[in-house]
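K.L.:
Chains as they are written, first to last, in the numbering used here: chain A, 60 to 427; chain B, 175 to 491.
Calculated directly from the structure, the hints in this document are not laboratory data.
For glycine and all other residues, C-beta sits at the position ideal for the given N, C-alpha and C.
Be a bit skeptical, because a hint or two may be false.
What the hints assert, rightly or not - On the chain A side, residues computed to face chain B include the following (Cβ under 10 Å):
id, residue
1, Val148
2, Ile218
3, Leu224
As the list claims (entries may be wrong) - Covered, in the sense of this in silico footprint (three residues per stretch, anywhere, with C-beta under 8 Å from a C-beta of chain A), are these stretches of chain B:
id, region
4, 259-269
5, 312-322
6, 344-355
7, 386-392
8, 413-425
9, 447-456
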Amino acid sequence: MESAATLTRLVRRVFYRLVVPVVSIAAALSVSGVLIVVASGNPLEAYGAMLQGAAGSIGSLATTGVRTTPILLTGLAVAISFRAGVFNVGAEGQLYVGAAFATVVAVAPLGLPGFIHVLLALLAGFVGGALWVAIPAYLRAYRGVSEVVTTLMLNFVGIYLISYLIDPITGPIGERNASYAQSALVQETARLPVLISGTSLHAGLLLGIGLAVALQILLRYTGLGFRLRMLGGNPTAARFTGMNSSRQIVIAMLISGGIAGLAGAGEVIGLRMRLYDRFSPGYGYDGIAVALLANSSPLGVILSASFFGALRAGANAMQQATGIETSLVLIIQALTILFVIFGPLRGWVATRTTRRAGLTPGGSESAP
Amino acid sequence: MPLDPAFITDWGSAGIRLATPLILATVGGVFAERSGVFNIGIEGMMLVGAFTAVATSYYLGASADPAVISLLAAIAAMLAGGGIAFIHAFLTVTRRVDQIITGAAINILALGLTNTLFRAIWGETGRERVAGFPEVRVPVLADIPVVGPILFQQSLIVFVAYFIPIIAAFVLFRTTWGLTIRAGGDFPLAVDTAGLSVTRVRYAAVLFGGAMAGLAGAALALGAVRYFTPGMTAGRGFIVLGAIVVGRWHPMIAAGACLLFGAADAFQLRAQALNLGIPYQFFIMLPYVLAVAAVAGAIGRASPPQQLGRPYRREAG
Chain A
60 MESAATLTRL VRRVFYRLVV PVVSIAAALS VSGVLIVVAS GNPLEAYGAM LQGAAGSIGS
120 LATTGVRTTP ILLTGLAVAI SFRAGVFNVG AEGQLYVGAA FATVVAVAPL GLPGFIHVLL
180 ALLAGFVGGA LWVAIPAYLR AYRGVSEVVT TLMLNFVGIY LISYLIDPIT GPIGERNASY
240 AQSALVQETA RLPVLISGTS LHAGLLLGIG LAVALQILLR YTGLGFRLRM LGGNPTAARF
300 TGMNSSRQIV IAMLISGGIA GLAGAGEVIG LRMRLYDRFS PGYGYDGIAV ALLANSSPLG
360 VILSASFFGA LRAGANAMQQ ATGIETSLVL IIQALTILFV IFGPLRGWVA TRTTRRAGLT
420 PGGSESAP
Chain B
175 MPLDPAFITD WGSAGIRLAT PLILATVGGV FAERSGVFNI GIEGMMLVGA FTAVATSYYL
235 GASADPAVIS LLAAIAAMLA GGGIAFIHAF LTVTRRVDQI ITGAAINILA LGLTNTLFRA
295 IWGETGRERV AGFPEVRVPV LADIPVVGPI LFQQSLIVFV AYFIPIIAAF VLFRTTWGLT
355 IRAGGDFPLA VDTAGLSVTR VRYAAVLFGG AMAGLAGAAL ALGAVRYFTP GMTAGRGFIV
415 LGAIVVGRWH PMIAAGACLL FGAADAFQLR AQALNLGIPY QFFIMLPYVL AVAAVAGAIG
475 RASPPQQLGR PYRREAG
């Protein structure tokens, strides 16, 4: 009897957690379906091909995993900042700087055992990302300067900094006389292991999943997690408890930047084995979409990143089978976010859940 | 040689040309931010404007005078930019959704839409030159050495961009409209108390900003290259955000920042051939670094409109 009630409560909670993202995705797919019809295509055929390309075989599942990995990490980076009431729009730049730091360590013939070399490269990536958010974090925490403009602008500084670093003529870590701007090859000892042989799926995915679990535990069960959530949920109350808000903001932003840096490190030592110019097609911005769809829950980020990863993995198959452009995926992604933030459904969920909990519905329409 | 008059003419002329789209979008962005709405979707609105302008010019073909076509293309681009801005206004002002997230979504939407439509119209490789803004050469003035060709021998849209910041500054600081817009961002309660609608003011400013971003896209696509390539705005919408900050939310100072950024960009394109010993990437970084320095207070006090980014709620004041 007791356990049945607990189960009902759990089902209800999961239902309310999922209703907004699932309905938003369905709405986005419907609108995109209309666009496909307008372009004289067949939406069911297109989505079928997409599903086939994303999950039809071990190979396509591996591709989905590969595409999921970077946005899982940037999604976690953005989610942790949201939870602390900070908007890190700079994951893209942090990803690049993290990738560069990891590259410096990974291309060096250190003569270390593989496991340690990989760990050092990942650590370097974390440090690089954290360093890149340090100035915005300081300005936000101690000078009251909004982090939005600073983190956003530093994205581009980071991108061009990497472009300089690996420049074949002037770059300090650029491979000389290469036809592309690229770094040297990552040492064998610094490479993330491949999970399924014959595919490119690498251990970066496990790193992301492990990190998601760790962040969930951190937020839910630790003092730091409680302080960060309080900072995000009710900054005024947080101040009245006498905690050092500035310090918590800096900690949250450094963790966020570090995780974004890990995303860059993972791409270099897991997939590409070199640092390339402009290697990220906007993973940092995708992280915003991923975090938003998951309502900033670390475990939810695993699901939402997988969804966007699958969309991307399936896009090529869809184009080959039906001739519909892969950029349709971008439209689906944007529409999903717009439906999530649009809000009527969110308001409905808020009233349903708060009424049950005996609370008055609060202003829950703004997203983070 | 950098000090050669021919080099300076070429550099200055390119600098002005590159600054033009930035100036147009920046003026629009200043209005939106002054009214209290942050818009990182300018990049996407520019992209949609560029696409619409080229597509309009393409479909009108040789049916009319190039000057008429470019005018119609510019109007279409402004309508398209304004249309996308309506989404931003609706979500951020009416629904009070987070402005950054909405803008980020708009950028992705714009990229997806223009990429898809581009391929639908021009196919995989197709890139067709269309009628662009006519070149204008101001008699007498264009004959002044160096300065003449830089300032007075340009595409028509460049001359539009000369006047827009001046008009914008006048409207913003010398008219009741301007006062209302500024109050919308600094003290919306005052707008409300005066019996005006904060919602309407912010909608107007955001739609104007979108239309200007659309026009900026048209300037980018029809000013020089006269074709569309996917993602052709290439981060200019974010340079615009930097220019607004560096220009301290003043249309004329911000336009000055755009000129500086345009000149840096034009120099960067030439620096690689000059072998100056300074990597060209540092010139590209300049706008972004200056923007961070500006908000950090390193180059004078630059404080944003007080309620920038915050939805207005009557009960909250």
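K.L.:
Compare the structure with each hint and give your call.
P.N.:
Here is how each hint holds up against the structure:
Residue-level restraint check for A/Val148 holds (minimum Cβ-Cβ distance to chain B is 6 Å; threshold 10 Å). Hint status for A/Ile218 relative to chain B: holds, with the closest Cβ pair at about 9 Å, below 10 Å. Annotation: A/Leu224 was flagged as interfacial toward chain B, and the flag holds, the nearest CB pair being 9 Å apart, inside 10 Å. Given a C-beta distance limit of less than 8 Å, the hint that chain A covers the region 259-269 of chain B holds, as 3 residues qualify and 3 suffice.
With 0 residues having a beta carbon nearer than 8 Å to a beta carbon of chain A, the region 312-322 of chain B misses the requirement of three or more and the stated coverage is violated. Only residues whose beta carbon comes within less than 8 Å of a beta carbon in chain A count, and the region 344-355 of chain B has 0; fewer than three means the coverage is violated. Look at the region 386-392 of chain B against chain A: 0 of its residues bring a Cβ nearer than 8 Å to a Cβ of that chain, fewer than three, so the hint is violated. Residue count for the region 413-425 of chain B with a Cβ under 8 Å from a Cβ of chain A: 3. That meets the three needed, and the coverage hint holds.
Under the rule that three or more residues need a Cβ within less than 8 Å of chain A, the assignment of the region 447-456 of chain B holds, with 3 such residues.
Consistency note: the structure conflicts with the earlier hints numbered 5, 6 and 7.
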